[in-house]
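Asker: One letter stands for each residue in the lines below.
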Amino acid sequence: MALSQKTKETLLGPLNANNPVVVQVLGICSALAVTVQLKPALVMGVAVTIIVAMSNVIISLLRNTIPMRIRIIVQLVVVAALVTLVSEVLKAFAYDVAMQLSVYIGLIITNCILMGRLEAFAMTNKVWDSFLDGLGNGLGYAAILIIVAFFRELFGAGTLLGFRVIPESWYVANGGFYENCGMMMMPAMALIIVGGIIWAHRAINKEEK
Amino acid sequence: MNTNSNTYTIVYATVVVIIVAVLLALVSQVLGPRQQANVQLDQQKQILGALKQDISNCDDPAALYFSLVKDTLDVNGHPVYVAVIDDEPKFVLKLKGAGLWGGIGGYLALDKDLNTIYGANFNHESETPGLGALIVELPFRQQFEGKHIRNAQGEVVSVAVLKAGTQAEGQEQVDALSGATITSTGVSDMLKANLAEYAEFLNVKRCCGHCKGQCEGKCDHQHEGCEHHHEGEACQEHCHHHDAQEITNE
Numbered sequence: 152m153a154l155s156q157k158t159k160e161t162l163l164g165p166l167n168a169n170n171p172v173v174v175q176v177l178g179i180c181s182a183l184a185v186t187v188q189l190k191p192a193l194v195m196g197v198a199v200t201i202i203v204a205m206s207n208v209i210i211s212l213l214r215n216t217i218p219m220r221i222r223i224i225v226q227l228v229v230v231a232a233l234v235t236l237v238s239e240v241l242k243a244f245a246y247d248v249a250m251q252l253s254v255y256i257g258l259i260i261t262n263c264i265l266m267g268r269l270e271a272f273a274m275t276n277k278v279w280d281s282f283l284d285g286l287g288n289g290l291g292y293a294a295i296l297i298i299v300a301f302f303r304e305l306f307g308a309g310t311l312l313g314f315r316v317i318p319e320s321w322y323v324a325n326g327g328f329y330e331n332c333g334m335m336m337m338p339a340m341a342l343i344i345v346g347g348i349i350w351a352h353r354a355i356n357k358e359e360k
Numbered sequence: 712m713n714t715n716s717n718t719y720t721i722v723y724a725t726v727v728v729i730i731v732a733v734l735l736a737l738v739s740q741v742l743g744p745r746q747q748a749n750v751q752l753d754q755q756k757q758i759l760g761a762l763k764q765d766i767s768n769c770d771d772p773a774a775l776y777f778s779l780v781k782d783t784l785d786v787n788g789h790p791v792y793v794a795v796i797d798d799e800p801k802f803v804l805k806l807k808g809a810g811l812w813g814g815i816g817g818y819l820a821l822d823k824d825l826n827t828i829y830g831a832n833f834n835h836e837s838e839t840p841g842l843g844a845l846i847v848e849l850p851f852r853q854q855f856e857g858k859h860i861r862n863a864q865g866e867v868v869s870v871a872v873l874k875a876g877t878q879a880e881g882q883e884q885v886d887a888l889s890g891a892t893i894t895s896t897g898v899s900d901m902l903k904a905n906l907a908e909y910a911e912f913l914n915v916k917r918c919c920g921h922c923k924g925q926c927e928g929k930c931d932h933q934h935e936g937c938e939h940h941h942e943g944e945a946c947q948e949h950c951h952h953h954d955a956q957e958i959t960n961e
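Residue numbers (this note's numbering), protein chains in the order written: chain A, 152 to 360; chain B, 712 to 961.
If you are wondering where the hints come from, they were derived from the structure by calculation, not from laboratory data. Misleading hints may appear alongside valid ones.
[What the hints assert, rightly or not] What the simulated footprint calls covered on chain B by chain A, stretch by stretch (three residues with Cβ under 8 Å from a Cβ of chain A suffice, anywhere in the stretch; the number is not a length):
1) 715-722
2) 732-744
[Said to hold, decoys possible] Under the rule of at most 25 Å between Cα atoms (straight-line distance), these lysine-lysine pairs were calculated in the BS3-like manner:
3) B/K756 / B/K823
4) B/K903 / B/K763
5) A/K242 / B/K807
6) B/K874 / B/K823
7) B/K756 / A/K190
8) B/K805 / A/K242
9) A/K242 / B/K756
10) A/K157 / A/K357
11) B/K781 / B/K756
12) A/K190 / A/K157
13) B/K763 / B/K805
14) B/K874 / B/K807
[Claimed, not checked] Pulled from the structure, derived: some chain B residues nowhere near chain A, Cβ distances all over 12 Å:
15) K763
16) C769
17) L779
18) D782
19) A863
20) V868
21) Q882
22) I893
23) T896
24) K903
25) A907
C-beta atoms are modelled at their ideal positions from N, C-alpha and C, and glycine is treated no differently.
This is chain A alone, in the form it adopts within the complex:
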């Protein structure tokens, strides 16, 4: 299936040039909270992608019927319902992950990316475009989460997705020379990594600005 220029832009733009996290600087709070390990970051990324795409579709379907005065409330109700659904499903089918993500699944409701996309895109665009936009933004958010979690888990715990990457024998405790970076476990370090990504992103995309 060949994607038209506009479709491509809608879907792929948020992955790079218009990334919700590193360009629009939205959704930072959860990006700090769930990126200590890769697994919760992956689940969070998938959850947000599903919720943004679905809520974009629903709001886009309803966009001509929503009374302007209560549109934000209607958007919130839709998002809250979807978030609750995802949270319930996780508790029933992936209890461990649900416990790990704890309040952050619920807090997707307050993720600025969602409200931002609904208000800026879904309210004025067709269903299919809105779906692609939601998908793109969710994936753009997930991509940053995964990059941050990759560095934090690798240097903070020496593992990736729970598998040991840095051999046990390297550690000082086992007579080696290596020690985990405790800073990586702290939310502050996630902010520094996000800052680093923004720096790199700006440097690469300089010409386009």
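Using the hints, position chain B against chain A.
Answerer: Using the frame of chain A, we list chain B on its own:
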């Protein structure tokens, strides 16, 4: 249609909210039993952890749980899980306390002398990963094994979690986690507070496990290996050890 009239707005809001409410109620009803089962299974896994069972390769932890845990006693609303491992009774107490960011909890398995710790398991809601969250890991938990919750006089004094180099007064201790002082203190406080809650269970006058069959009246002499001997005291009604032995014999 005028989508900005008051009537339309109110009707619209009502309809949306009702649809969402019905949908969520339905989902909650459908998934409820599954979620309940998950919560229960999680608790069983934690108790198995306190009983030093490796469940990482266990296909059916629930079956293992029911093969080990024979009974649940109630002490003023606090549960005591009575398990039997290698024909020896173990008593698992439930712990609940506060860490740095949120609640912490756990299970403490005691040997039949109600003094020696057989195993411990901890959980937490939101402790810092890599620091406070390490209380759930084996290296920290294993420190508790073989420690005694009583002092030389037989009083329950709990086990202190202290940083290496400091010495606890009149109680045994384990090393705290570096970088997680408040979580470590939380574990220490949780043990102390919860063991106090279980005082009725732990401090009840009871004869030793060797008294089986002799408990009808009074303990007449101290048996070998028996730490709590209450000469001449009635013990029949509170003989938890006895209970567990009967269970073993089943």
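Asker: Would you assess whether B/L779, listed as outside the interface, keeps its beta-carbon beyond 12 Å of every beta-carbon in chain A?
Answerer: holds (22 Å)
Asker: Keeping to a limit of 25 Å between CA atoms, is the pair of B/K781 and B/K756 held or broken?
Answerer: holds (15 Å)
Asker: Beyond 12 Å from chain A, beta-carbon-wise, is B/K903?
Answerer: holds (26 Å)
Asker: CA of B/K805 to CA of A/K242, is that 25 Å or under?
Answerer: holds (23 Å)
Asker: Closest CB-CB distance from B/C769 to chain A, is it above 12 Å?
Answerer: Holds, since 15 Å exceeds 12 Å.
Asker: Tell me if the straight-line CA distance from A/K190 to A/K157 falls inside 25 Å.
Answerer: With Cα atoms ~33 Å apart, A/K190 and A/K157 exceed 25 Å; violated.
Asker: Determine whether the non-interface label on B/K763 survives the test: each CB of chain A must be over 12 Å from its CB.
Answerer: holds (21 Å)
Asker: Is the Cα-Cα distance between B/K874 and B/K823 25 Å or less?
Answerer: Answer violated: B/K874 to B/K823 is near 29 Å, above 25 Å.
Asker: Against the 25 Å threshold, does the CA-CA distance of B/K903 and B/K763 hold or violate the hint?
Answerer: holds (22 Å)
Asker: For B/K874 and B/K807, compute the direct alpha-carbon distance and say whether it is at most 25 Å.
Answerer: holds (22 Å)
Asker: Can we confirm that no CB of chain A comes within 12 Å of the CB of B/D782?
Answerer: Correct as stated: the minimum Cβ-Cβ distance to chain A is 26 Å, above 12 Å.
Asker: Hinted pair, alpha-carbon criterion (25 Å max): B/K756, B/K823. Please report holds or violated.
Answerer: OK: B/K756 and B/K823 at ~21 Å, within 25 Å.
When held up to the earlier numbered hints, the structure conflicts with 6, 12 and fits the remainder.
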